[in-house]
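Chemist: Just so you know, the protein sequences line up as chains E and U, in that order.
164 is the number of the first residue of the first sequence in the numbering used here; add one for each residue after it.
5 is the number of the first residue of the second sequence in the numbering used here; add one for each residue after it.
To be clear, the hints were calculated from the coordinates, so they are not data collected in a lab.
Treat each hint with caution, since some may be false.
No more than 25 Å apart at the CA atoms, straight line, and that leaves these computed lysine-lysine pairs for PhoX-like [stated by the list, open to error]: (1) U:K448 / E:K386; (2) E:K353 / E:K386; (3) U:K91 / E:K391; (4) E:K353 / E:K391; (5) U:K493 / U:K448.
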Amino acid sequence: MGDHSDGTPANSDAVAKAGHNEVDKFQDPGLPPHRLRLADTDPKAAKRAERQVAILFGISIVGTLVFLLAYFGIRLDDTIATLRLQNLFMGLGIGFAMLGIGTGIVHWARALMPDHEVSELRHELRPEADRVAAVQIVDDIVEETGIKRRPLIRNTLIGAMALAPLPAIAIFRDLGPLPGNSLRHTLWKKGERLSRDPDGTPIKASDVTIGSAFHVIPESLNKLETGKLNEKAKAVVLLMRLNPEDLHPSPGREDWSYNGIVAYSKICTHVGCPVALYEQQTHHLLCPCHQSTFDLTRECKVIFGPAVRPLPQLPIAVDGDGYLVAQSDFHEPVGPSFWERG
Amino acid sequence: MSTITEAPFEPQTSAGRITNFVDQRVGGSGILREFGRKVFPDHWSFMFGEVALYSFVILLLSGTFLTFFFDPSMAETHYTGSYIPLKGVEMSVAYSSSLNISFDIRGGLFMRQVHHWSALLFVAAVAVHMLRVFFTGAFRKPRELNWVVGGVLLILSMAAGFTGYSLPDDLLSGNGLRIIDGVMKSIPVVGTYISFFLFGGEFPGNAIIGRLYMLHIMLVPAMILLMIAIHLFMVVIHKHTQYPGPGRNDGNVVGYPLGPVYAAKAGGFFFIVFGIIAFVAALFTINPIWNYGPYDPSPVSAGTQPDWYIGWVDGALRLMPGWLFNIPLEWHIPLPWGVNTLSLNVLIPALVPAGIVFTLLFAYPWIERWVTRDDREHHVLDRPRNVPTRTAIGVAGFIFYCVMWAAASSDLIATHFQVSLNDVTYWLRALFFIGPILGFIIAKRVALALQRKDREIALHGRETGRIVRLPHGEFQEMHAQLDDYKRYKLVGFESPVAEEGIPNENGIVTKTERRRAMLSSFFFEDRVAPATPLELAAGHEQHEAIEAGEDAKEVSH
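Please take these sequences and the hints and turn them into a complete structure.
Modeler: So this is what it looks like as C-alpha cells:
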C-alpha cells in the first residue's frame, strides 16, 4: 500500500508488486482457461455459422442490386416524392450492402476464426541506455553550437525569428478592405421611403394599423446593382404601430415616430441576428437566436437576454404622398458592438 | 562447405507466392512480421476511436463526390433547377449548386445526407472516444502527447464541421456565419479588422464561401489526416492499452492477433459503420436546405439549432446576461484617441468556457501526474470507479459542457415543455455553476459505492437467489464465491493513500509542495481499499461458523 509513487521502471509491473506482499494482495491467477465455442466442438454448429456468414454476404449482394435498381430504375420527375423514394432505396441498398459485408466478416471472425486470446510482452519504449545516449547527443549538439556561450548570437537569432513571420501576416492584408466608416452608415437617408421586404413597395402611413408589424427595407435597396446583401444586412428595419400613449420617447426623440408608428433596426445588438419576433400583446421584440428581448414601449431597451444596447431607432416621417420616409440615417451604428464603435 | 546451392525458397500457396513476390521487390516482410500477428486488446469501448476513423473515411469519400458538383461562388443567379417552389428565386451560385446536388443529380441528396450524418457522427465519436480515454486513465504516461493530439483532433473536427456547415449558403448557415461575425467583432482592437479580412469587406460580402470551401476541403482535412497519422503511429509505438483483468498487467498485451481475427473484426466494422450511416441517410432527413431558402439577412426562423457540436458555444452566448443587475456588460472605455467598446457580454461566453474546457483538457495529464507523483508507465486501464476523484472531475466537466449544450436549445425546451423561456434560462444559468459541483459529488459517491459493492462481492461472493433454512429456523440466502479470475478483476487495482507534503533537500516543505499535498488528499482522501486475501479468509471462517450453526451471528464487519 502506498507505494504508488515509486517511479522506478522495475516497480511499474502491477503483478510483480502484488507478489511482493502475498498476504496483502491477491495474486494474479493468470489468463482464464480458454473456453471452446460451440462451433469449435460441433461440426454442425460450425457449418451453421458458415451458412449464416454466407447468407449475410448474400444480403450484401442483394443490397447492391437494390441500389443499382433504385439508381437506374427510378426516374426523377419534378416531385419530391420520387426523390424521396430514390433516396430511400439507394440508402437501404447501400446500407444492406455494407452491413451484409460487415456483419458477415465480424460473425465469421467471432464464430469461426481462432478465438484464443494471446499474450504478448510489451517492450520498454526505449531502454535507459538509449535514453542516456540520446540526451548526451542533444547536449553535445547544443554545446557544439555554442549558443549558450554566445548570447549575442542567441538573442539576435530570437529577434530575427520573432520578426520573420511578419511578412506571412502582412501578405494577407489584401484579404479585405479596412473597415473605415462603413459600419456607421446604412442606405437610409433623409426622404428614403420605407418599403416592404422583399418586394420593395413603399408603405403608406395609413396602411399601418395599430398592432401590425412590417418588415422593411429602404426603397432604393432593390435598385442596387451590387452589394445588395451587404446593404440589406445593415438596413433592415421593423415597423410597428402602437397606441401613441404606449410610447415613452426620451427627450429629443419625440418626433421620431409618426402617429404611434415606430421603426427600429432589425439587427440584434448582440451578435447580429434579425430580431424577427414581435409579441403584439406585450410589445416585446424577441431575437430567436439568443433570446435577447427588447421592450418596444421603452425605446427597445433590453429586458432579457445577452444583448446590452437597445435597438437603434430610425427617425421617420411622412412625405407629401402619405408614404413613410426616413428623416435621416440611424444615429448610431446598427448591429453588434465593435471595438471602434465608441 | 557444400558446393550444392540450396534450392531458393519456393512458397507452396498462391497467397504465399504473392507475399513472396512483393517481399522480394519491396521488402515488406519486416513490417508483416511486426504487424501481421500484433496483439490488440479487445473491448467494446475501444470501438469509438474506430468509429471516428471510419466516419472520417466516409467523409472523405462522400465529400469528394460532392466537390465534383458544388460551386462555391457567391455570384448571384436565378434558380433554374427542378425544385419548383424556388424556381426563379434570386440566390447565390453556391446555394443553387447545392440544390442541384439535391434535386438534379441522382444520388446527390443521398451523398449530402451521408456526408452530413457522418460529420455529426465523426465529431461525436471523437468526443466519446476522448471521454473513454479520460475516464479509463488511458492518457497517462506514456500517452500524454497522444491525448494532446486527440484534443487537437477534436478542435479540428469541429472546425471541419463548421466550415462545411456554412457552404450551402442557405438561410440557416448564413445566420450562423452572421453570429460568428458578431463574435469576431467583439474581439478588442483587431476584431473589426479580422471580420473585414475574413469576409473580404462587410458581412456577408462575396468571398466567404469560397474561402471557407478552401479551408473545408483542403487545409482542415489535411491537418486532420496528419494528426490521425501521428495519432495512429503513436498507438503502434505504445501498443494499445487494456482493461484490467486476470493475466493482464503493465508488462503484457492480451488480445487477438491482428491477422486474422482483429483485422477481420476491425475491417468488418468499417462496413458496419458505413452501413448504419447509409441507413440513417436513407431514413432521416438532415439539413433540408430547400426548406430554408437562400441566405437573406432579413428573415430568420424561430427554433433553429446549430449542428450539435457548436451548440455548447452558442448556448454559452445565450446564457450570458447582458446586464448583471444594473451593470451593463458592455463597457465604453475612454482612451486618449477616443472611446472604445469592450463587449464582455459576447467576448466572455465566446472565449472563457471554451478556454477553460480546452486548457484543462490539454493540461490534465500533467496536473494529475504532478498531484499523484505517478511517473510510471501505465498500460492497464483504470475502471472509472476505482479512481473516484478523476471520474468525478470528468463528470463535472461533462456536465459543465452539457449545461451549455442544453442552453443552445433553451427555446425548444421552453416550447416543448410549455415553460417560460426566461425561467429555462435562469435555471440553466444556475446549473452552469451548481451542476458541475453536484455532478462531482454524486459521481464520486457513486464510484465509491460501486467500489464497496465490488468489495462485498469479492469477499462474500455473488447472490445465488437460493434461500436455505438453517436448523434453528433462520433463513439465509446462499452466496456463491467467485472464481479466482472474476475475483481478481474486482480486487486487482491500486488504491493510493493521500500523501503528506514531502520536504525538499533542505528539510523544508515548500509552498508548492504543501499545495500538492492538499490536492493529493483531495484526490485520495476518500478511498475504498481493495479486498485482501486476509479479509477473504476471515470471511470464510465466519461463514463456516454460521453454517456450523453456532450462535455467532454478526455477519457484517
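Chemist: Next step is simple, just say for each hint if it's right about the structure.
Modeler: Hints, one by one, checked against the model:
Between U:K448 and E:K386 the alpha-carbon distance is near 65 Å, which puts this suggested pair outside the 25 Å criterion. A hinted pair counts as satisfied when its Cα atoms are at most 25 Å apart, and E:K353 with E:K386 qualifies at roughly 17 Å. For the hint pairing U:K91 with E:K391, the CA-to-CA distance comes to about 20 Å; that is within 25 Å, so the pair holds. Between E:K353 and E:K391 the alpha-carbon distance is near 20 Å, which keeps this suggested pair within the 25 Å criterion.
For the hint pairing U:K493 with U:K448, the CA-to-CA distance comes to about 21 Å; that is within 25 Å, so the pair holds.
The structure does not agree with numbered hint 1 stated previously, though it agrees with all others.
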